[in-house]
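A.B. asks: Chain U is already provided as a structure; the job is to place chain Y on it using the hints.
There are 2 protein chains.
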Amino acid sequence: MRVEIWSDIACPWCYVGKARFEKALQTFPHRDAVEVVHRSFELDPNRAKDDIQPVIPMLTKKYGMSKAQAQAGEENLGTQAAAEGLDYRTRDRDHGSTFDMHRLLHLAKERGRQDELIQNLYKANFAEERSVFGDDERLVELAVDAGLDEDEARKVLADPAAYADEVRADEREAAELGANGVPFFVLDRKYGVSGAQPAEVFAQALEQAWASHSPLKLIQADSQGDAEACGPDGCAVPHQH
Amino acid sequence: MRVEIWSDIACPWCYVGKARFEKALQTFPHRDAVEVVHRSFELDPNRAKDDIQPVIPMLTKKYGMSKAQAQAGEENLGTQAAAEGLDYRTRDRDHGSTFDMHRLLHLAKERGRQDELIQNLYKANFAEERSVFGDDERLVELAVDAGLDEDEARKVLADPAAYADEVRADEREAAELGANGVPFFVLDRKYGVSGAQPAEVFAQALEQAWASHSPLKLIQADSQGDAEACGPDGCAVPHQH
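Chains as they are written, first to last, in our numbering: chain U, 1 to 241; chain Y, 1 to 241.
Be a bit skeptical, because a hint or two may be false.
Copies of the same chain look alike in the list, so a pair counts if it fits in one copy or across any two.
Within a straight-line C-alpha distance of at most 27 Å, the following computed BS3-like cross-link-like pairs (lysine-lysine) qualify [what the hints assert, rightly or not]:
1) LYS109 with LYS155
2) LYS123 with LYS61
3) LYS109 with LYS123
4) LYS190 with LYS217
None of these hints come from the bench; they were simulated from the model.
Pulled out of the complex, with its shape left as it was, chain U reads as follows:
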């Protein structure tokens, strides 16, 4: 079974939602048969790499919130994060482009280190003092800590085209699947969970997707005898088709 999670590093509900999903996954009896894939989604795809600002002024400017509203939202997120055992800085967090982080996550996907890296990025962005934006060396550190090769990570960060198509493809796919916000969870391309729902909802989604996991329906010609195929005993040699 495959669970795809569309999310953004700059998305607090993605950070919280991932923990809720994982709580459900930990007690799911078939968890060893579940493959988790992280997919890219930028909340702020047009933000320039060097356009970094503190979260509260960004929220007031971009979404027209009052400073008090924005701060209350952060406090609420802090409470929700704490309930999942996550650290969350409710003050002086930065906001910026996450494009390079998504590109790096695609490298990590190929190297089997995606979950390690996204966890490092979330933690760095939401829990730690030092900003994760506009600092390639910081990203390289987090990548190496996640098990990636330093030179390889550096090379990807230095080349803006590296994995750019993969990020865009994920984003197009999100739109096709009807996701206009994140986190967005897709189970076997059959069930969707939108938002940081409670762990019980994820548990239910896992159960439902598992129950409807059906064997392949084989399609073949009515007249077909031996399939024209090669296997451990050699290649079939039907004389008539």
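C.D. replies: Leaving out everything else, chain Y in the frame of chain U:
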């Protein structure tokens, strides 16, 4: 819609079956929405890299065929290949390990050149005079011709661990899906086609998979109001959960 094709370069029915599938795909009205992924399957996974032999003696030794039977099989394959417009050498073809080719195909997958490379490999193996086995330089040529970077291809071939896990994972998955021979086609993980079936069977499978392509079923908490998610208008801040 995603079509996964498990196949082996040393599998003549895979070569023929791919052409039959493509004939069906060409006339499928939604062909632009079909993503094709090639997956690894070795018919002879235990063969050493340096163990290369002509096909006919291999068939007689491995499967206990008479030389005449083996040659008749090759002639039949030549006829079937010709019917699909494919060249096929019925004599003096070699057999050997395809593990390195599968590793190279995983690199090509990441670079978006998988179909080009598998086509080159099939053609080189089945239609051309020079053996494709035990000759890394030949594989590099075919990779470059498929649009891969020469150094990158060479590096993968030189490192037996590169993409080895990916090859094994594909093979495990084939077993889990019930494939014990190739070619094996899987449409959206819902429909399967085993063997080089006639183009009409592939056309029917494409139609059936397309028709059953259903939108995601969303799962959410009964009590859930606003999803705790971030979108283009900011992050939802529900006060009550």
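A.B. asks: Take the hints in turn and mark each one as holding or not.
C.D. replies: Hint check results:
1. Taking the shortest Cα distances, LYS109 and LYS155 sit within 27 Å of each other both inside one copy (16 Å) and across copies (20 Å).
2. Proximity of LYS123 to LYS61 under the C-alpha cut-off of 27 Å is restricted to the intra-copy arrangement: shortest distance 25 Å within a copy versus 59 Å between copies.
3. Taking identical chains as interchangeable, the C-alpha atoms of LYS109 and LYS123 lie at most 27 Å apart only when both belong to the same chain, with a minimum of 18 Å there against 31 Å between chains.
4. Taking CA atoms no more than 27 Å apart as the test, LYS190 paired with LYS217 passes in both settings, with 16 Å inside one copy and 6 Å between copies.
Of the numbered hints listed earlier, not one is contradicted by the structure.
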